[in-house]
Amino acid sequence: MASVEKRLSDLLGARRVLTAPDALLAWECDGFTVHKARPRAVVLPESTAEVQAVVRVLHGERVPFVPRGAGTCLSGGPTAGPDAVVIDLARMKQVLRVDAEDLFAVVQPGVVNVELTAAVRHLGLHYAPDPSSQTVCTIGGNLAENSGGPHCFKYGMTQDHVLDAVVVLPDGEIARLGDAGGPRPPGVLDLLGVFCGSEGTFGIATEITVRLCRDQQAVRTLLASFASMADACRAVSAIVHKGLVPAALEILDRATIQAVEASVYRAGYPSDAAAVLLVELDGPPDVIAEEADEVRAAFAAHGALRSEEATDAAERKRLWKGRKGAFGAMGRLSTDLYVLDGVVPRSALERALDGIAAIGARHGVTITNVFHAGDGNLHPNIPFDGRDAAETARVVAAGREILQLCVDLGGSISGEHGVGAEKLDHFGMMYGAADRDVMARVRAAFDPHGRCNPGKALPSRGACAEPAKWPQMVARVLDAERPQ
Amino acid sequence: MSAFAPRSAAELADWLAARPGRVRLVGSGSRAARVGAPAADVHEVRLAGIATIDRLDAADQTCSVDCGLPRAELDAALQPHGLELPCPGGGTIGGLFAADPLGAAAHGGQSPRSLLLGVEGLLADGTAFRSGARVVKSVAGFDVHKLLVGSEGRLYAATRLHLRLKPRPRAEAWFCRDGLSDADALAAFARLRAEPVGPAAVQLRRDRHGCALVGRIAGRAAFVRGQLAQHGLAEAACAWTDHLAADAPGEVVAGLARFTAVAGLCAAVPAAATLLWHGGGRFEAALPDAAASDALLAAAAALGVHARVVATTHPARRDRGSPIDPGATRLAAALRTALDPHGIFV
Ligand SMILES: Cc1cc2nc3c(=O)[nH]c(=O)nc-3n(C[C@H](O)[C@H](O)[C@H](O)COP(=O)(O)OP(=O)(O)OC[C@H]3O[C@@H](n4cnc5c(N)ncnc54)[C@H](O)[C@@H]3O)c2cc1C
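In order, the protein sequence lines correspond to chains A and B. Note that this note's numbering gives residue 467 to position 467 of the first sequence, counting from 1, and the numbers run on in steps of one. Note that this note's numbering gives residue 328 to position 328 of the second sequence, counting from 1, and the numbers run on in steps of one.
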């Protein structure tokens, strides 16, 4: 009987089936670099039919597989173990249809987020969810992660913008989960709703229909600097309390500002500020003119040191450059960066940030913060040297405490980056064994044999009650990689 | 048929754990008009007694409410805080989310699925579980709560729902233009849809008197005034209708249609019948007889529009209409078996 690799090569051609250890290096991790493993093989299909054929072979041979988009995930979601085959969807990058009247587009999963907007810009349309990784990440990855982004405060997450998906199920059968008219035709379960955010464990989306939004007539982007993080958070609360729904409400702390200003993402943020608050308003010009006045009043009422407003598109780009480049700028500070992703009720932001600072001090690690303040979605960043196992363990311990703090404040262990492999140990902070078991049943309905991205998103039975084993896992990974 | 009216989720859990047999979950009972009375051996569980507002965090714009809470009570509680649940529909909150009969009130608007942050639920054997969170954003765990939406009480009993709220607009105005031809109504609709900020709610109702366009413009006062003036609309009392009358004779066909398909639907509905299309895409047509329904179903198929019979006096015709994708049907059956293996919830 031919080997699996041979059968895959017969299907796709040898050039689209990678097996040489060196060739696999690029697939050994995602943006969560602590967790590395080289897959058994990588395949590069170009159509739904090819994905289906590949999955049928793997299903028949009982080989686990892992879908992958651009690999920008920050929780280890697309990282495959040595027994699994990566199904890389990056070559499926066609925009198949744009319907400007009914406001939707049908795309292959490998279409890069920002390229979809580029394809419809001439029609005065855009695709709203905008993860900060949007120049690289794919619509398929966004769907699997239910990704958010700065503008999701007003426009919602990926889930609110996906209407339909053609999915190759883990046994190679195909299912259509929605309708171009809307995500759930009457009389049908919300299969798309539960697929979205399933982190590549329910099947492979090969054709995705998304809602397009009309461009707004005008946009205003304001930036205020504050002497304390508390003032910045209170200004956010005041803006929301007024009933305003800005397109974005983003905060960067002092350390992030300094990292940004020292990097190629330099945006001219005041480097003496303890925090900057970026507010974007969009809508009819006279409406957002009134809103801008109210935002400025909130800045002033909460002691803003300075505020400025972008006067043209270039200025707006500059103000956003620092925010969008914040992770990149932080990444320059050390060999590794642990990007956390917790959520707290917006009214608890101040308490959360105080707690995070205390945790950092206790563990002797530097923690910087850049976050979607409107949603209470924190991204504490911890720069570290991944070659230092002791430091890595301290970073991991601090991360765990931060997520526990988020849960204790009534929040979540993930706002947009997913559980992946990273947060399996943290799952029990939010959910008990019964909750996990119900989720496992749902997963089994999609993938009864557990071969689609195994070991991700949901811990194994009993793990909810176990203490963290992550630092040990990290140490093992590091040991395995150390030259003998 | 026997009825049970629990006063708390714990009481319901105990009752389910005792394996009483097949169960129909009932909120305010509005679905009964469409689906008919349950079989004699089915217990009706009336959830209207589990009805408190557990938590209303005005600053965070979220709340947690029991399944039996009437929508009207929630609306009244939100009003003083300047908040609203911005999706159409009435009855109990649990029933509204489990049936999701209306979707969103306008293209791109909020629907129950986008407002549901999490649930506390009971499986058919009484096992309690949670899914989702109380905060506006969480991707931890699979979204079992999203499966509530449209499940019509046949997967699990959601006893508590965590909801996202939105600020009430500073100003709003309802409008109603009636006596229009199909073409004029659709043209007026198209102009409203072309606005970067469209109406917060909009529907087209076509009956023997002609077409009526009903909607709500929301925002700042000057914006609302400006939109009314620009589109030649006069402020009017709210004439929004969630559903066609449930006791209409003949059959009701419901479906999901894109805007460009609505003209085709209008053409396929006899002048004496009624068509109600919500801007979010859902529609209902009350048709005089099976032949008229079949004509509409055929037109819908040609337009690529999902439609099916949802109310009829001929049980064999119920659910006739657009075929549901075989893969989706298989998944739905697998999910039902996974969550309710003995088919308790009917
Ligand atoms: C600098 C930086 C900034 C970021 N900012 C944000 C942000 O603002 N908001 C946010 O939400 N995230 C953000 N992320 C995280 C990440 O970009 C998102 O999760 C993104 O959606 C992943 O897309 P991807 O194409 O890279 O998918 P991958 O990383 O390749 O995969 C992600 C998951 O999706 C699965 N998957 C991929 N494609 C498919 C498919 N077609 N069908 C089924 N499953 C599939 C994979 O198995 C994996 O589990 C950021 C990451 C970086 C590095």
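Quick caveat, the hints were computed from the structure, so don't treat them as lab data. Hints are supplied without guarantee of correctness; some may be wrong.
[Stated by the list, open to error] Straight-line alpha carbon distances no greater than 25 angstroms define the calculated DMTMM-like cross-link-like pairs of lysine to aspartate or glutamate that follow:
{"no.": "1", "chain 1": "B", "residue 1": "Lys-166", "chain 2": "A", "residue 2": "Asp-215"}
{"no.": "2", "chain 1": "B", "residue 1": "Lys-166", "chain 2": "B", "residue 2": "Asp-41"}
{"no.": "3", "chain 1": "B", "residue 1": "Lys-166", "chain 2": "A", "residue 2": "Glu-294"}
{"no.": "4", "chain 1": "B", "residue 1": "Lys-166", "chain 2": "B", "residue 2": "Asp-75"}
{"no.": "5", "chain 1": "A", "residue 1": "Lys-242", "chain 2": "B", "residue 2": "Glu-73"}
{"no.": "6", "chain 1": "B", "residue 1": "Lys-166", "chain 2": "A", "residue 2": "Asp-160"}
{"no.": "7", "chain 1": "A", "residue 1": "Lys-242", "chain 2": "B", "residue 2": "Asp-242"}
{"no.": "8", "chain 1": "A", "residue 1": "Lys-154", "chain 2": "B", "residue 2": "Glu-172"}
{"no.": "9", "chain 1": "A", "residue 1": "Lys-154", "chain 2": "B", "residue 2": "Glu-152"}
{"no.": "10", "chain 1": "B", "residue 1": "Lys-166", "chain 2": "A", "residue 2": "Asp-447"}
{"no.": "11", "chain 1": "A", "residue 1": "Lys-242", "chain 2": "B", "residue 2": "Glu-84"}
{"no.": "12", "chain 1": "A", "residue 1": "Lys-154", "chain 2": "B", "residue 2": "Asp-41"}
[Claimed, not checked] With beta-carbon atoms standing in for the labels, derived distance ranges:
{"no.": "13", "chain 1": "A", "residue 1": "Gly-268", "chain 2": "B", "residue 2": "Ala-301", "range": "56 to 62 angstroms"}
{"no.": "14", "chain 1": "A", "residue 1": "Gly-328", "chain 2": "B", "residue 2": "Ala-171", "range": "39 to 45 angstroms"}
{"no.": "15", "chain 1": "A", "residue 1": "Lys-242", "chain 2": "B", "residue 2": "Asp-319", "range": "55 to 61 angstroms"}
{"no.": "16", "chain 1": "B", "residue 1": "Gly-29", "chain 2": "A", "residue 2": "Glu-61", "range": "29 to 35 angstroms"}
{"no.": "17", "chain 1": "A", "residue 1": "Arg-461", "chain 2": "B", "residue 2": "Ala-221", "range": "46 to 52 angstroms"}
{"no.": "18", "chain 1": "A", "residue 1": "Thr-311", "chain 2": "B", "residue 2": "Ala-295", "range": "54 to 60 angstroms"}
{"no.": "19", "chain 1": "B", "residue 1": "Glu-73", "chain 2": "A", "residue 2": "Gly-268", "range": "38 to 44 angstroms"}
{"no.": "20", "chain 1": "B", "residue 1": "Ala-58", "chain 2": "A", "residue 2": "Gly-303", "range": "21 to 27 angstroms"}
{"no.": "21", "chain 1": "A", "residue 1": "Ala-300", "chain 2": "B", "residue 2": "Ala-221", "range": "57 to 63 angstroms"}
{"no.": "22", "chain 1": "A", "residue 1": "Arg-62", "chain 2": "B", "residue 2": "Ala-183", "range": "36 to 42 angstroms"}
{"no.": "23", "chain 1": "A", "residue 1": "Ala-314", "chain 2": "B", "residue 2": "Glu-172", "range": "33 to 39 angstroms"}
{"no.": "24", "chain 1": "A", "residue 1": "Arg-56", "chain 2": "B", "residue 2": "Asp-178", "range": "52 to 58 angstroms"}
[Said to hold, decoys possible] Computed, partial: chain B to chain A, Cβ under 7 angstroms:
{"no.": "25", "residue": "Phe-4"}
{"no.": "26", "residue": "Trp-15"}
{"no.": "27", "residue": "Arg-19"}
{"no.": "28", "residue": "Ile-53"}
{"no.": "29", "residue": "Leu-56"}
{"no.": "30", "residue": "Leu-115"}
{"no.": "31", "residue": "Gly-126"}
{"no.": "32", "residue": "Phe-142"}
{"no.": "33", "residue": "Leu-147"}
{"no.": "34", "residue": "Ala-221"}
{"no.": "35", "residue": "Thr-260"}
{"no.": "36", "residue": "Leu-303"}
{"no.": "37", "residue": "His-306"}
{"no.": "38", "residue": "Arg-320"}
Every residue, glycine too, gets a C-beta built ideally from N, C-alpha and C.
These are the hints, each one checked on the structure:
The straight-line distance between the Cα atoms of B:Lys-166 and A:Asp-215 is roughly 22 angstroms, inside the 25 angstroms bound, and the hint therefore holds. Restraint check for B:Lys-166 and B:Asp-41: not satisfied, since their Cα atoms lie roughly 43 angstroms apart, outside the 25 angstroms limit. For the suggested pair B:Lys-166 and A:Glu-294, the alpha carbons sit about 18 angstroms apart, so the restraint of at most 25 angstroms is met. Pair hint B:Lys-166 plus B:Asp-75 holds up; C-alpha atoms about 12 angstroms apart against a cutoff of 25 angstroms.
For the hint linking A:Lys-242 to B:Glu-73, the alpha-carbon distance of about 24 angstroms falls within 25 angstroms, and the restraint holds. Under the criterion of a C-alpha separation no larger than 25 angstroms, the hint pairing B:Lys-166 with A:Asp-160 is consistent with the structure, at around 15 angstroms. Restraint check for A:Lys-242 and B:Asp-242: the C-alpha separation of about 30 angstroms exceeds 25 angstroms, so the hint is violated. A threshold of 25 angstroms between alpha carbons decides the hint, and for A:Lys-154 with B:Glu-172 the separation of about 19 angstroms falls inside it, so the pair holds.
For the hint linking A:Lys-154 to B:Glu-152, the alpha-carbon distance of about 29 angstroms lies beyond 25 angstroms, and the restraint is violated. Using a Cα cut-off of 25 angstroms, the hinted pair B:Lys-166 and A:Asp-447 is violated, with the two alpha carbons roughly 37 angstroms apart. For the given pair, A:Lys-242 sits about 14 angstroms from B:Glu-84 by alpha-carbon distance, which is consistent with the 25 angstroms threshold. Restraint check for A:Lys-154 and B:Asp-41: not satisfied, since their Cα atoms lie roughly 48 angstroms apart, outside the 25 angstroms limit.
One distance hint, 56 to 62 angstroms for the beta-carbon pair A:Gly-268 and B:Ala-301, holds here, with the actual separation near 58 angstroms. Between A:Gly-328 and B:Ala-171 the beta carbon distance is about 43 angstroms. The supplied range of 39 to 45 angstroms therefore holds. One distance hint, 55 to 61 angstroms for the beta-carbon pair A:Lys-242 and B:Asp-319, is violated here, with the actual separation near 48 angstroms. B:Gly-29 and A:Glu-61 have their C-beta atoms about 53 angstroms apart, which leaves the hinted 29 to 35 angstroms range violated.
Between A:Arg-461 and B:Ala-221 the CB atoms are about 57 angstroms apart, so this pair departs from the stated range of 46 to 52 angstroms. For the hinted restraint 54 to 60 angstroms between A:Thr-311 and B:Ala-295, the CB-CB distance of approximately 59 angstroms keeps it satisfied. Between B:Glu-73 and A:Gly-268 the beta carbon distance is about 51 angstroms. The supplied range of 38 to 44 angstroms is therefore violated. Against the hinted window of 21 to 27 angstroms, the Cβ-Cβ separation of B:Ala-58 and A:Gly-303 comes to about 24 angstroms, which satisfies the hint.
Take A:Ala-300 and B:Ala-221: their Cβ atoms lie about 24 angstroms apart, and the range 57 to 63 angstroms is violated. The beta-carbon spacing between A:Arg-62 and B:Ala-183, approximately 59 angstroms, falls outside the hinted interval of 36 to 42 angstroms. For A:Ala-314 and B:Glu-172, the hinted distance range of 33 to 39 angstroms is satisfied, since their beta carbons lie about 37 angstroms from each other. A C-beta distance of roughly 56 angstroms is found between A:Arg-56 and B:Asp-178, which places it inside the suggested range of 52 to 58 angstroms.
This hint is violated: B:Phe-4 has a C-beta 23 angstroms from the nearest C-beta of chain A, more than the 7 angstroms allowed. For B:Trp-15, the shortest C-beta to C-beta distance to chain A is roughly 18 angstroms, which exceeds 7 angstroms, and the interface hint is violated. Given the 7 angstroms rule on beta carbons, the hint for B:Arg-19 is violated: about 18 angstroms separates it from the nearest Cβ of chain A. Against a cut-off of 7 angstroms between C-beta atoms, the interface hint on B:Ile-53 is violated, since the closest Cβ of chain A lies about 17 angstroms away.
About 13 angstroms separates the beta-carbon of B:Leu-56 from the nearest beta-carbon of chain A, more than 7 angstroms, and the hint is not met. Checking B:Leu-115 against chain A by beta carbon gives a least distance of about 10 angstroms; that is not within 7 angstroms, so the hint is violated. Interface hint at B:Gly-126: violated, since its Cβ lies 11 angstroms from the closest Cβ of chain A, which is beyond the 7 angstroms cut-off. A hinted interface residue such as B:Phe-142 counts as satisfied when its beta carbon comes closer than 7 angstroms to some beta carbon of chain A; here the least separation is about 4 angstroms, so the hint holds.
With its C-beta approaching chain A no nearer than about 5 angstroms, B:Leu-147 sits inside the 7 angstroms limit, and its interface hint holds. The interface hint given for B:Ala-221 is violated, since its Cβ lies 10 angstroms from the closest Cβ of chain A, which is over the 7 angstroms cut-off. At a threshold of 7 angstroms, the smallest CB-CB gap from B:Thr-260 to chain A is about 5 angstroms, leaving the interface hint in force. Hint status for B:Leu-303 relative to chain A: violated, with the closest Cβ pair at about 10 angstroms, above 7 angstroms.
The beta carbon of B:His-306 is positioned within 7 angstroms of a beta carbon in chain A (closest approach about 4 angstroms), and the interface hint is therefore held. With 7 angstroms as the threshold, the beta carbon of B:Arg-320 stays out of range of chain A, its nearest partner Cβ sitting at about 11 angstroms, so the hint is violated.
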